[in-house]
Structures are given as structure tokens and as C-alpha cells.
Amino acid sequence: MTLARLPVERPLPRPGPSRGVTMNATVLAIDEVSSSIRRFRVRPDDGVPPFVSGQYFALGVRAEGRLLQRPYSTASAPDQRDTLDFLVRRVPGGALTTRLWALAVGTRVHLGRPKGLFSLDPADRRAHLFVATGTGIAPFVSMVATLATRTDRPGIVVVHGAARPAELAYAETLRGVPGARYVPAVSRREEADRSGWTGPVGRVGSVLRASWPDLALDPLGTVAYLCGNPGMIAGVRGLLEDIGLPVAAIRSEEYWSVPSS
Amino acid sequence: MAYVIAAPCVDQNDQSCVAVCPVDCITADPDVDRKFYIDPDVCIDCGACANACPNQAILRTDQLPSEWADYAWVDAAWYRDAAAARSVVNRLVAGAA
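Protein sequences appear in the order of chains Z and Y.
The numbers in my numbering rise by one with no breaks, and the one at position 124 of the first sequence is 124.
The numbers in my numbering rise by one with no breaks, and the one at position 97 of the second sequence is 97.
For reference, chain Y alone in the conformation it holds in the complex (with noise of 0.2 Å):
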């Protein structure tokens, strides 16, 4: 069960999740990506991240609503298709609007 960064942290860049993160999961290409992803094979559920978070955009897969469900897959995606997870961010922005 890993944690899923969701809507709120789409085009905000704050970053604080990735520097307290203690195994590194967390990554973007910053000049690409709108958001920050968590890769779910290597979190290890400290919930550090969720935590440091100021937009309160880091949930728990379980505790994700169902209108952010998406980016649990967006997120582990990210990691095998980076293409593929930002145009899905792209379709949920744009579906959210």
C-alpha cells in the first residue's frame, strides 16, 4: 500500500515531498511533468512525504477520493511509460476543470 500524489500537486513543484522522502520515490522531470510521482514498488509507507506536503496532495492509496483514484495508476505508471502517466495527468486536469 503506497502512498499516491494527487491532484493538489499538479503544477505547484514544491517539492518538499522529495527531500524528506528516505528511499528517493519520489521523482519528476520538473521541466516536463505538472506534477511528482511516487513510486509504488519502492515507497515503503512512512507517510514522511504526506506529511511534508503543503498542499495536502499525498494520500494513502486506500484513502485516495474516488475522484483522484486515477493518479494511483498515474503514479506507478510514471515509472514505465513516463508519456503515457503525463497525458493521463493532462486528460484528469482537463477532465477536472
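Isolated chain Z, as found in the complex (with noise of 0.2 Å):
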């Protein structure tokens, strides 16, 4: 193959005006979850656009000329009009999460358009459950909010897992969910025993094993979202099938880590 006489040692062209990139968004709050985890309460200039629970938006920051982004699933419902939550964990020596560490309440930022597949199925009537681990909560929040609004509510299941008490985020709201039931576990016992946790201990899939008995879930009418470390959603996959749910009624979104997030 002959190639036409190639650009490769040509310098790129000089930078064009700006794209357009906008700081369309202010942060409203910041609130400390723990040591590495924040929720940042973020209102978008125009409103929320629509989106459906599960959806995640691009965050970001301008930093030394360009804009640094990463997408973050929300928290909030689809009938929240004017704000978005967002659960962010600390990436040590992150390019974004350094940054926005650093931001102060007022600071502009850029949100982009609500993106992704793993949305629930508002027409959906079977059971819900919903494992996820650290941040990986923040869509299940959004849909859990989403499900209590309906008239028909099906039943509801939550487990998630965290190294640690202090990062079982939201765990107030979905306790306190009217029909649902939470299943909080932190995976390190040093963690529990030193915070004096008394709920269950271990990583999430063998606490949803312990837990699958008294759940009163029938496979076959069980739809169920998985949301966190890749390793949790290939065990809890496998365990759930073994159970007996179909493979298509488990969906699965990993978290998975961007360099230098």
C-alpha cells in the first residue's frame, strides 16, 4: 500500500477560537461523605434537562486552558427541576477530583447533556434490586426516588457495600423509603468493629447471599441493576444466575477508574 505524503511530523495547526465550552452550571453545596467521597449539589443555568434516573451528566472544570471532565451518574430524580447531585470519590493524585476538591461553594463548572443506557424502565412491574458498592449508589438513589412516585410500586430492594460506615452515602434516604428494604454492609471488619457498625459485615455479594432468603425475591420476577467495581458485578452476575434470574433481567454498570481522574 503506497500512502499519500503524510502529516505525521507536521506540527499541529495553531489552536482555533474556543468551541464553546461553557461554565454552564454553579455549585450550590458541597457535603462531606467521608474522608474521600463528596456529593456536590450543582445548578444548571437553564434548569435540569429532562433525563431519566440512571443517567449520568460529564462534570468538569476548566484547568490550564482546556476543559477536564469525567461523567458522574446523579443522584437526584428526574422531578427535581433545578438541581443535580453528584457523588464523587477522591482519586489520589487526580487530575478532576484534585480540582475538585479545591472548589468552593459558587464556583461555575460545566455539565453536560444526561447520557447512558442504564436507565431505568418506568413500564418495568417486577421486583427491584439494586446492588452496588461505593459511589455506584448515586443512580440507584435517583431510581429508587423515581419507583416511589408510582402508584403501582414494585417491590424494592437495595444492598450496598462500602469499605467503611461513613461511606454507606445516602443511607438516611433509603432507609426511610416507605416499602423498600436497605441492606447496608461494610466489607472491612476493622472498619466495623472500630466504628462500632452492627449490621452486617463483608463484601456485598456474600451479604446478598446471607440476605437472599429473608428478601422474598422471586427470581423469576426480579429485575436487577448492578452498579460499582467490575469484580463485585461479575460475582454478584454469577451469583444471581446461579440463583435463577434470567440473564437478561441483569443489568450492570461498572465504575470503572480513569486515569487520572
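FYI, nobody ran anything at the bench for these hints, they're computed from the structure.
Keep in mind that a hint or two might mislead.
[As the list claims (entries may be wrong)] Quick look at which bits of chain Z chain Y covers, simulated, 3 or more residues with Cβ under 8 Å:
id: 1; stretch: 65-73
id: 2; stretch: 109-120
[Said to hold, decoys possible] With the C-beta cut set under 7 Å, the calculated list includes, among others, these residues of chain Y facing chain Z:
id: 3; residue: 23
id: 4; residue: 41
id: 5; residue: 77
id: 6; residue: 80
id: 7; residue: 81
id: 8; residue: 84
Just so we're clear, the structure is a prediction, and the values are computed from it rather than from any experiment.
Backbone N, C-alpha and C fix where the C-beta goes; we use that ideal spot for every residue, glycine too.
With the hints as a guide, bring both chains together as one complex.
If you want it as C-alpha cells, here you go:
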């Protein structure tokens, strides 16, 4: 194959005018969930766009002349008209999260469009099982809030695992949803002992396995949503398949570690 | 290390990548451009575009075969001088014919 004369050694053209990336939202509140997790409440200038529970938005800041952004699922429900909440875990040395940790209330940020297919099916009448680790609980907080508004609300079970009790974000919110079963779990025994944790200790897969008989879920009448680290998702998916959930009834979204987040 | 849209995208106009990119870093002017372009300054290396592309046109920069290596320059250049990038795409396509 003969190629045309190529530009590989040619420097890139000089940067053109800004492509119109705008700071289109304002940070309204920053809450410290734990030493490594914060909740950012953001108000878009033009109101919250229509979205489906489970979708994510890119959250970004300007840094060194460029836009630095990462996608985060919102914990807010679509009926929230003014603000969106995001759970962010700090990545040591991460380019974006280091800057997010330095933000003050009132800072202008960039908010992208809602995206993602890991979203709630509003017509699904099956019982809903949500299994999350860490900040993977965020999309489920939104989904549970949406389900809770339905008059024909299906059964809801939320299993949330974290390394330490303080990282069980939205515990009080989820514990207070009428008719929902909330199963929090702490994976690190020493953290559980130190904080006086009296709930389940262990990884979410083993906690789910032990809790299953009490959850009263029909494997053929349940849809499962899994969100968090890939190892958890693989393990829980296998467990649920063994229990008898159809493969198509298990939906998942992995929270991957973007280099230098 | 960004992803790059290479030769298999030319004249396809599929846009699956645009739909899934979480940070909206893929664009083009479909009336003018023969392919789509990833902005390497914005790409977060998630790989969603590569998984979505039905033409297997999207690869990491360090995985590009040598005959497609110049598409890395093309993608970055388009966001600075679209006409120059388009010109090079035409030359690459002509050279590969």
C-alpha cells in the first residue's frame, strides 16, 4: 500500500477560537460524606434537562486552558427541577478530583447533557433489586426515588456495600423509603469494629447470598441492577444467575477507574 | 492517550460513537466531513466509542496500525483547522485506494 505524503511530522495547526465550551452551572453545595467521598450539588443555568433515572452527566472544570471532565451518575430524581447531586470519590493525584476538592461553593462548572443507557424502565413491574458498591449507589438513589412515586410501586431491595460505614452515602434516605428493604454492608471488619457498626460485615456478594432467603424475591419476577466495581459486578451477576435470575434480567454498569481522574 | 477514528469511518456517517461518548468529544460536520473526529484534549479514554462503532474504526492511539497512524494527527488537527484536516483525510483515502 502506498500512502499519500503524510503530515505526521508536521506540527498541529495553532488552536482556533474556543469551541464554545461553557461553564453552564454553579456549585450550590459541597457535603463531605467521608474523607474520600463528597456530594456536589450543582444548579444548571437553564434548569435540569429531561433525563431518566440512572443516566449520567459530564461534570467538568477548566484547567490549564482545557476542559477537564468526567461522567458522574446523578443521585437526583428527574422531577428535581433546579439542582442535580453527584457523588464523587477522590482519586489520589487525580487531575479532576483534585480540582473538585479545591472548589468553593459558587464556582462555575461545566455540565454536559444527560447520557447513558443504564436507566430505569418505568414500565417494568417486576421487583427491583439494586446492588451497589461505593459511589455506585448514586444512580440507584435516583431510581428508587422515581419508583417510590409510582402508585403501583414494585418491591424494592437495595444492597449497598462500602469499605467503612461513613461511605454508606444516602443511608438515611434509602432507609426511609416506604416499602423498600435497605441492606447496608461494610466490607472491612476493622472499620466496622472501630465504628461500632452492628450491621452486616462482608462484601456485598456474600451479604446478598446470606440475605437472599429473607428478601422474598422471586428470581423469575425480579430485575437486578448492579453498579460499582467490576469485580463486584462479575461476582454478583454469577450469584444471581445461580439463584435463577434470567441473564436478561441482570443489568449492570461498571464504575471504571479513568486514568488520572 | 486518546482514541482515534481511523479509515473505516470514512464515508460511513454512522454516529454511534457520538451517541455514547460521555463527554461529547466526537463531532464533525456531516455535510462536509467524510469522517468523525475525536478531540484528544477532551477524550477521557473510556473506550465507549470503540465498543459502539460497528465499523471497528476506533482505536487507542497506541494501537493504531501504521497505515492509520496519521489519523491521530487528523483528529487533533480538525479541532484547530478543520479544512487542513479534511484535506489530509482526502489524501489518505486517495493514497490508500
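Do the hints match the structure? See the list:
For the stretch 65-73 of chain Z, the assignment as covered by chain Y holds, since 5 residues bring a beta-carbon within under 8 Å of that chain's beta-carbons and 3 suffice. Residue count for the stretch 109-120 of chain Z with a Cβ under 8 Å from a Cβ of chain Y: 4. That meets the three needed, and the coverage hint holds. Contact between residue 23/Y and chain Z, as hinted, is supported at the beta carbon level, the nearest pair being about 5 Å apart and thus within 7 Å. A cut of 7 Å between beta carbons decides the hint on residue 41/Y: the least distance to chain Z is about 5 Å, and the hint holds.
Restraint check, residue 77/Y versus chain Z: the minimum CB separation of about 5 Å is within 7 Å; hint holds. Nearest Cβ of chain Z to the Cβ of residue 80/Y: about 4 Å, under the 7 Å cut. The hint holds. With a least beta-carbon distance of about 4 Å to chain Z, the hint placing residue 81/Y at the interface is held under the 7 Å criterion. With a least beta-carbon distance of about 6 Å to chain Z, the hint placing residue 84/Y at the interface is held under the 7 Å criterion.
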